[in-house]
Amino acid sequence: MTDKKPNLDDFVPKAGEAKGPYSAGDFSADLDYSGDTAADGTTLDDIDTQPMYINIGPTHPATHGTFRVYCKLDGERIKKAAVDIGYLHRGFEKIVEHRKYNQVIPYTDRLNYCSGLVNNIGFCKAVERMLGIEVPERTQVIRVILMEIQRIMDHMICVGANIVDIGALTNFWYFFNAREKLNDVLEALTGARLTYSYTRVGGLAWDLPEDFRERVKAALEGIPKAIRDVTGLIKKNRIFLDRSRGVGVIDAEKALSFGWTGPCLRATGYPMDLRKVRPYYHYDQFSFDVPIGANGDVYDRVFVRIAEMEESLRIIYQAIDNVPGGPINVDNKDIVLPAKDEVHNTMEGLINHFKLVIEGVKPPPGRIYDSIEAPNGELGFYIISDGTGQPYRIKVRPPCFYLMNTLKYLIEGAMVADIVAILAGLNIIAGELDR
Amino acid sequence: MANSEQQKHDSLAERVSARLGARVLETDRSYGDLVFVVEKAAVHEVLSYLKNDEKFDLLLDVAGVDCVKLPEYRERFELEYILYATGVDHRVRVRVPVPEFALDVPTATDLWRAANWAEREAHEMFGFVFTGHPCLKRLLTHQQFEGHPLRKDYPVMQGQWCATTSSLEEELEE
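Chains as they are written, first to last, in the working numbering: chain A, 14 to 448; chain B, 3 to 176.
Just chain B, with the same shape it has in the complex:
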């Protein structure tokens, strides 16, 4: 099984580099996984290629990362899209370095509807701004909450007093 997965990785990496060669900055194969590192401007193009042409029909997760305390990194923040092609049982990840002072990333909600809440969570936890998202509001934290709790500079013990019930009018009409 492990070998066939590596073969799938090989053939997909070949197709992607033939099609989107310049868009993929790096291909990471550690732990037997396949990760495409993609520049921010090309992320939507790469994701829609994977969704529509390679049939990655399931967006498993969108994970934000604050890299500031890692020994080496490209940009301070990173987004990682975890994709799964259920038809052929194949997993890839797409990693997008995002600079600290340009946190806008094109949304993937037009490709997978699962991206809606996943991106809202990345937005509140790290401050990414997903352009084109239908309702980019805080999801798990309170509407009055200030700051981005999963950034490394947010103190782990710092609580905030939030008491006003949020009006859900905006979500209602989404």
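The shape of chain A in the complex, shown without the other chains:
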């Protein structure tokens, strides 16, 4: 498995090959189709038509969360659309100003709840850079393994749900069979299945279980088969091709202007991956490729994600046999809690524990922006410390906020049925969208 390089040509159509009947490439698309003629010779000009207004959401099975799309329709075409978000706004950025740094970690779980560990790691990495520490090698490799497991799980939900939304349920179960095994691994590790809260500032909550390596390997065995099954079902499926090729097209320049990152940007053919261009946690020492698409449509977004799952598998197989020994936490009593027997048996340990719990980790005053490559794109944390144990301000840069900003322009000019296909392909997670 480790040596196998997926042949991207199998996944991604060649440039210019797939052109749908309509294109959102030009946002001011000419919607004048008064020249269309019916079989009996009537044209649209002969019929008295009125625009129709419909609401999709706030709660709709295809919205994957809660938000509202308000459309002005002409027949089945969307002439104008408005997107309303904020239905899941919980005031993350306000709450965390009143919490210690380590107490913020459980809140980050609830940002992108399909890949909670990535949020944990992204936040801890930013705070650690602020503190000027580097976590031990062992922790770095463990974090890489966990991030890649979560990337696979996130892509499985996104791709599975995307295909469900356009009418094929079986793929979802193929992916969820395999995903369930990964979920069991993470449950054995963290005790949770959704909100893991496994990292701490300066390291991890606890070490890996003894049989972690065997468990991960056993869970990964089913994934290539799941990917094969799903690609076999959709790759040459006429219905899927018609629903996804040429739908929701965007080019790289517009995507960048809209702030796109991650697999959706790479689907436009722009190979930007933070793991490659700004490597952290020794990502530059793993061998993996960055899959890109050609047309920037829904089809490319699905297959870039599927190809990324194979790349994540390669990274995990390289990392899982080479987890170095040693401590998991930095050796700094101002940051990491002392061992339990020290707390129970020595005065110094007890005082240290008490001070750290009551006062928290104290980064020096300053501001930092730090980001990682989350499954959805660039997940950034802008943190201001005033030198106390509580962050003065945390601004999250959620990747799908900027994808969602674009939705209005992607669906204007498309058909009503394309809304769900485009929406699911962007992988909107309301938790991180609304915070």
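Keep in mind that the hints were calculated from the coordinates and are not lab data. Quantities reported herein were computed from a predicted structural model and do not represent experimental measurements.
In silico BS3-like cross-links for lysine-lysine, where the CA-CA straight-line distance does not exceed 25 Å: (1) B/K71 / A/K113; (2) A/K289 / B/K10; (3) A/K85 / B/K139; (4) B/K154 / A/K375; (5) A/K267 / B/K53; (6) A/K107 / B/K154; (7) A/K248 / A/K238.
Using the hints, position chain B against chain A.
Chain B alone, transformed into the frame defined by chain A:
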């Protein structure tokens, strides 16, 4: 890698000070990042220089800050634009102090379309008024919501009762 990033910072800081010297109040290099502190009147000029001449093609985020409880600050509010040049892998931030009683800031939506929602969020959370923004309405909070929740004087436990469904006519025609 860290060294090459510092070299990029050095050369960009030189070019910016040669071109826009008086516009940049201060250059902050803490944590190895590069931050230009820019006066409000010049922010659009600086941003468009960075976008068009220096090819900072990605606007990553627009972060508002209420500085009132910080030990020292220039003005009560600050905006921080986080920019990324994907071609050369270079990040800078542009920090703009905004006085409490003159919250108008020129919009960046004409430079990056990502600024649209980012500025709407800064508008509702802190009360910045982005002049020239196509649709400066509340985004995450409800249209009936009053006040600016991320200001330091907004109580963390204070909720508001908002029940009317918002009409999206304005966004529709945006």
